[in-house]
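For chain A, the structure is supplied; the task is to place chain B on it using the hints.
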Amino acid sequence: MSRFLLSLFLVLASALPSGAFAAEGDPPATARLAVAVAEAIRAAPAEAPVAVSLSGSSAELRRAFGTLLASRLAAQQLGPVVLEVPPERAEATAREQGARSLVRLTLDVEGGELVARGDVLGTWVNFWSGRTPTRPPKPAAAVAEGVEADAAVLALASVGTPSNNGTPGPGPQQKRPVRLLGAVFARLETPLAALATGDLDGDGRDEVAALTAREVFVFAADGRLLARRELEGAPATATTREPFGALAVLTGPPRLAAWSTRYAKGEVLTLDKAKGTLRAAGALDAAPLGTLERGTFVPGQTVFAPEVRLADGRAITVPAPFGAASFASPRMLFVHADGTASLYARPASAPSRLSGLGVGSALGDLDGDGAPELITTSPLLQPSPDALRVLSLTPDAPMAHEPLWQGTLPPGRALFVVTADLDGDKRREVVVGSWKPDGTSELFLLRQGAP
Amino acid sequence: MIRSALAGLVLLASAPTLAASRPRYGGELRAAHAGPPEIGEPALADTPMEAALLGLLTRPVCRVDSDGRLHPTLARELTRPVPQALRVALPSSASATAVARAWTRLSSPDAPSPYRALLYPLRGEGRQVTSSGPTLELALAFPWPDLERSLCHPALAPPPAPASGPFSAAGRGVLEAQPAWPEGRPYLDRLALTATDERGLTRLWSARQVQVELGTPPDNDTLTGAALYATYLAYSPRKVPTDFRQAFESAIDRDDLTRLFVKGPAVPMPNLLPPALLPQGPRARPAAPPMGTTRKVTLAYDAALADQRAVAERIQVKLHEQGYTVALEPQSRSALRGRQARGDFELMLSALLLPPIPGPALAVVLEAGGRRDLLGVELPPIGALADAGARDARGRERALALAPSVPLIPLYAQGLGLRAAPEVSGLVLDAQGLPVLEGAWLSPIEASGGGGRQ
Numbered sequence: 000m001s002r003f004l005l006s007l008f009l010v011l012a013s014a015l016p017s018g019a020f021a022a023e024g025d026p027p028a029t030a031r032l033a034v035a036v037a038e039a040i041r042a043a044p045a046e047a048p049v050a051v052s053l054s055g056s057s058a059e060l061r062r063a064f065g066t067l068l069a070s071r072l073a074a075q076q077l078g079p080v081v082l083e084v085p086p087e088r089a090e091a092t093a094r095e096q097g098a099r100s101l102v103r104l105t106l107d108v109e110g111g112e113l114v115a116r117g118d119v120l121g122t123w124v125n126f127w128s129g130r131t132p133t134r135p136p137k138p139a140a141a142v143a144e145g146v147e148a149d150a151a152v153l154a155l156a157s158v159g160t161p162s163n164n165g166t167p168g169p170g171p172q173q174k175r176p177v178r179l180l181g182a183v184f185a186r187l188e189t190p191l192a193a194l195a196t197g198d199l200d201g202d203g204r205d206e207v208a209a210l211t212a213r214e215v216f217v218f219a220a221d222g223r224l225l226a227r228r229e230l231e232g233a234p235a236t237a238t239t240r241e242p243f244g245a246l247a248v249l250t251g252p253p254r255l256a257a258w259s260t261r262y263a264k265g266e267v268l269t270l271d272k273a274k275g276t277l278r279a280a281g282a283l284d285a286a287p288l289g290t291l292e293r294g295t296f297v298p299g300q301t302v303f304a305p306e307v308r309l310a311d312g313r314a315i316t317v318p319a320p321f322g323a324a325s326f327a328s329p330r331m332l333f334v335h336a337d338g339t340a341s342l343y344a345r346p347a348s349a350p351s352r353l354s355g356l357g358v359g360s361a362l363g364d365l366d367g368d369g370a371p372e373l374i375t376t377s378p379l380l381q382p383s384p385d386a387l388r389v390l391s392l393t394p395d396a397p398m399a400h401e402p403l404w405q406g407t408l409p410p411g412r413a414l415f416v417v418t419a420d421l422d423g424d425k426r427r428e429v430v431v432g433s434w435k436p437d438g439t440s441e442l443f444l445l446r447q448g449a450p
Numbered sequence: 000m001i002r003s004a005l006a007g008l009v010l011l012a013s014a015p016t017l018a019a020s021r022p023r024y025g026g027e028l029r030a031a032h033a034g035p036p037e038i039g040e041p042a043l044a045d046t047p048m049e050a051a052l053l054g055l056l057t058r059p060v061c062r063v064d065s066d067g068r069l070h071p072t073l074a075r076e077l078t079r080p081v082p083q084a085l086r087v088a089l090p091s092s093a094s095a096t097a098v099a100r101a102w103t104r105l106s107s108p109d110a111p112s113p114y115r116a117l118l119y120p121l122r123g124e125g126r127q128v129t130s131s132g133p134t135l136e137l138a139l140a141f142p143w144p145d146l147e148r149s150l151c152h153p154a155l156a157p158p159p160a161p162a163s164g165p166f167s168a169a170g171r172g173v174l175e176a177q178p179a180w181p182e183g184r185p186y187l188d189r190l191a192l193t194a195t196d197e198r199g200l201t202r203l204w205s206a207r208q209v210q211v212e213l214g215t216p217p218d219n220d221t222l223t224g225a226a227l228y229a230t231y232l233a234y235s236p237r238k239v240p241t242d243f244r245q246a247f248e249s250a251i252d253r254d255d256l257t258r259l260f261v262k263g264p265a266v267p268m269p270n271l272l273p274p275a276l277l278p279q280g281p282r283a284r285p286a287a288p289p290m291g292t293t294r295k296v297t298l299a300y301d302a303a304l305a306d307q308r309a310v311a312e313r314i315q316v317k318l319h320e321q322g323y324t325v326a327l328e329p330q331s332r333s334a335l336r337g338r339q340a341r342g343d344f345e346l347m348l349s350a351l352l353l354p355p356i357p358g359p360a361l362a363v364v365l366e367a368g369g370r371r372d373l374l375g376v377e378l379p380p381i382g383a384l385a386d387a388g389a390r391d392a393r394g395r396e397r398a399l400a401l402a403p404s405v406p407l408i409p410l411y412a413q414g415l416g417l418r419a420a421p422e423v424s425g426l427v428l429d430a431q432g433l434p435v436l437e438g439a440w441l442s443p444i445e446a447s448g449g450g451g452r453q
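From first to last, the protein sequence lines stand for chains A and B.
When we follow numbering that gives the first Met the number 0, the leftmost residue of the first sequence carries the number 0, and every step to the right adds one.
When we follow numbering that gives the first Met the number 0, the leftmost residue of the second sequence carries the number 0, and every step to the right adds one.
No lab work stands behind these hints, which were simulated from the structure alone.
Heads up, some of the hints might be wrong.
[Claimed, not checked] Below 20 Å or equal to it, Euclidean Cα-Cα: the simulated EDC-like pairs (lysine to aspartate or glutamate) are:
hint, chain 1, residue 1, chain 2, residue 2
1, A, LYS435, B, ASP64
2, B, LYS238, B, ASP252
3, A, LYS272, A, ASP200
4, A, LYS264, A, ASP200
5, B, LYS317, B, ASP242
6, A, LYS264, B, ASP242
7, A, LYS435, B, ASP242
8, B, LYS317, B, ASP254
9, B, LYS262, B, GLU345
Looking at chain B on its own, in the form it has when it is part of the complex:
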């Protein structure tokens, strides 16, 4: 599944490189991005761009590569002393405490996060994770073979600290390699990051002032990460008419949204899980329900995302045709998450970075859709399947079956686009669709052939 979903994950710079068969160490990589200059905590920095940038400074305990192989990153080792327990060995007591605190915080009443569903299979639903020295001992409430891969989700990273990521901040826009990074020192010595907009990206690339660009629109020479950043319209069944879903589905064309209102790379998402996890053709749009009296509803969206503003405005127009007067309400992401957890909204654009595995992804979607009650019913039968393929198939099947009972209307899924100069070697995207910049290195210019930019 992951292999097919991430067919675009390739090793850059296939030009023959003289390097005595091994990657070269050292050098500074200049990168530009179209993301925000400041990034919040991992559970909220869940757009692909923000997750990629924050991932330079802080990482979860592991990562999954494009082949589905798990690599400990912040952790030294993840082992199962018995099938129902996972031991996570971290490099220090401080990092173990930071991870435990970050995971516990996902369930706290003041900052509830849909990503806490990733910890649901733990005993106590992951509300209380404690460290014992540099080790986290995690006991499972029911068999859940995908726990390790679930823990690789970027939202489960601890807040940035000096040794929490492969790089550490060393001045404005400069990140230095962490020599003691548990997965191994990055090949590069440092990264020089420039925050800009789309026009700035084009200008910097044309002038060859940067070697890597994050957040580029889809193009022939662009690498695209798996489209796992899924945006839904969440609605409160108690606050909108019973035929709202039918009205919305009849009014909204996902292809139009993706093509005209969302910056790429993006794909229409007709099901609860993105096409990368649940490939299926578009569904026929239902007929519009009979028009009733005019209803007023409020649509909250993420004020930091231009895509969401454009989509919200489109929804406003289309629902007007169905007899809805939609008031738009831009909100901060943390406020949105709080209101979503409390059910304090009528309509809301809700975006989630889903893990690249159907079972855990379904858990996050159910949590975000206010159906935490289904986790205890749906997850154990998935986890009981020993075969990974069978678990994935069951997760997809349940996603299709549960879609009508979850008050989330899937809209579109986005990935991260990036491009790199020929001298940048070894840059790959992981299963989450995020770049692994610590694995990139600079080839000698003469060996990489130079040029190659358009």
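Next comes chain A alone, as it looks inside the complex:
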């Protein structure tokens, strides 16, 4: 078993209760779906022993769900047997194994939900039917159940994709099609101001950090809240109506740089994972745009001034103030307030002008070819629903070509997009931060799904 699979099981074991901040205490999505499906099977009503045949999604997700469903069915005295045969052989195998009922389910992760659809049928054959496999009048029921997916579901669903077949070696990997599956990663009680990812605990996997107007949160790869801290310091003389700020993970040693426009200065924080705390480690005078890149806020506005100090210490002036920046060395992206963006192939080169981007935009290698893609939300102020597009940067005009992938996002204003390596495979997952209509915010994780 690969190191990844081992860590995946550890993640799943520790994901009880779920890492979703607002839903802390909820069982994982697989367990919730197992409860719902088991109830539907019992109500069919199925007769023991019950054979279960699962198809769809990844083998690991099927296996994990099958285990949990069998456990629920056993608790209901339904004598479950999970069949490890192709769906077309399930009915015959169930009869061979003496099952009186068969449950055939297809698992899928779609629109942020883990869903199971299928049917329950009887396998008992009337004596007078002879060798013909007739079916009894009952049980006979359709099953269609769904629950909100979580990070653990996405981790299971992604096992078996090319990126997860062992640890990749150095250098560019084979390009793979982009097919993203999404699930709620975490929820916050207040609107987000900034989002960042990076390895804060040195375990080779990124954490996800979220900034609100007055607090910082750090989440583990499975969505568990690792630490939170209220920001301190003197209030800013000119703040923004909407929560806004800058957040970045600094390297050597790993630290978190956070600055909300509510405050006159930013803070540098270190994560003490054992104690679940963030400790103050200094103050910031410049807004952290990236690991080493720095900028300044335009007072009172949700944009940064055009002057940017780069990682090598050089200063550049981008064509206009910008609301979001993303760095995937040597490329740099700055998204302006009018939905245009300046894309630098190299820091010294002239920027190319893109249009039609949302402020939630980032650069990251999702297809494993060693070159970053452009990931962007809708440029509309109130899209319904918002959508995420993944565009190749290979052509001269990425916005003029069909996206490599696009999909709708849950309701809300998707204002923040970052990429992260949550499983240590050197390929990036996408985290989208959205403001919800009820004043809360949500982190939505998208990762490669099983083909």
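Coordinates of chain B only, in the frame set by chain A:
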């Protein structure tokens, strides 16, 4: 409650707007209004129009949005270090002093205000509020979970000063955005305000010379704020016959008043609290009492309000049929408030901008009705309820129960009507029914689709 009462509060300009997902900064918004060119102090500028205009220059410590969420505005933060104390952190000692002085002034003998009832739950009934640096430490005399939302009432704003509102005056009719406004800089750079009358509003709108109009009559494309500006007939029980209330109720048809004599948006108000806070159908009018000898009474009303003059004249006619000779007495608002506090009147049209919460609204009504003695009896049981819905229900229930013992006869409630051009985005009304112009921004013309005016 607030949600249902403010169903009309919508985000304007729903046309898709290209703005990289965030509002745009900058630009000048041209607005016209049918309000007075000069506006007095916050405790007296309580018509929806005056409160909306004055709110550009001065704000209370917070505002409540249409979903009932509280947002600090002039204050940086409102916190409860312990349940029985509220700490209001303001941006400077000067603003804390100004707020404390404004609140204390509500209780002063020379300018008594019915809005002082909003501070009644404070220790000392809010007569002496003092600041400590940029902070106000408010101790409660009894549990009152609605204190924060009560403090968002426009009458509790300090007098206009350079940093007391989201905009500041920058010449005749021009207001500049305050970059250091604690809630955050307005999206607009400036507002150009034109004071006019109803005909002027129509002309300016048709000619596309303005992008926002305040004080428009109800129409299909008009946004209407919650009707919380409640007008009552106050009477002095010692100076009018005991059957006066019955005579008045039998003579006056609230639907007629609202339809024919009051400029909209307005609704009949059969109960002590407006329908936005206490929805209930019209009550049956009582029979007229037997006619006695002719009585002479004086009806004072607000000389600055044309609506009140028209209503006063109607009351004059209708009460004449009941054997009352009514002399009309136009007065300044400050004079009316003084006389009302002293009980120095026979009849008076009394209008109040009620907070959008039943409990605090009932407190203001009791104070205005001369029943301050009931505040200490009625408010603590309301405040003792932890659940907001239960408090609201109790406030409504007490308003119904107390109505016969309060010498105020409810007449009608008004809201503010406004309309905005398609390029104006993000303009919403708060729970008080007032526009939040600092949250509006101008969309690019090509994105907003242009046109759209009728």
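Hint-by-hint comparison with the structure:
no.: 1; hint: A/LYS435 to B/ASP64; result: holds (16 Å)
no.: 2; hint: B/LYS238 to B/ASP252; result: violated (24 Å)
no.: 3; hint: A/LYS272 to A/ASP200; result: holds (7 Å)
no.: 4; hint: A/LYS264 to A/ASP200; result: violated (25 Å)
no.: 5; hint: B/LYS317 to B/ASP242; result: holds (15 Å)
no.: 6; hint: A/LYS264 to B/ASP242; result: violated (68 Å)
no.: 7; hint: A/LYS435 to B/ASP242; result: violated (56 Å)
no.: 8; hint: B/LYS317 to B/ASP254; result: holds (14 Å)
no.: 9; hint: B/LYS262 to B/GLU345; result: violated (26 Å)
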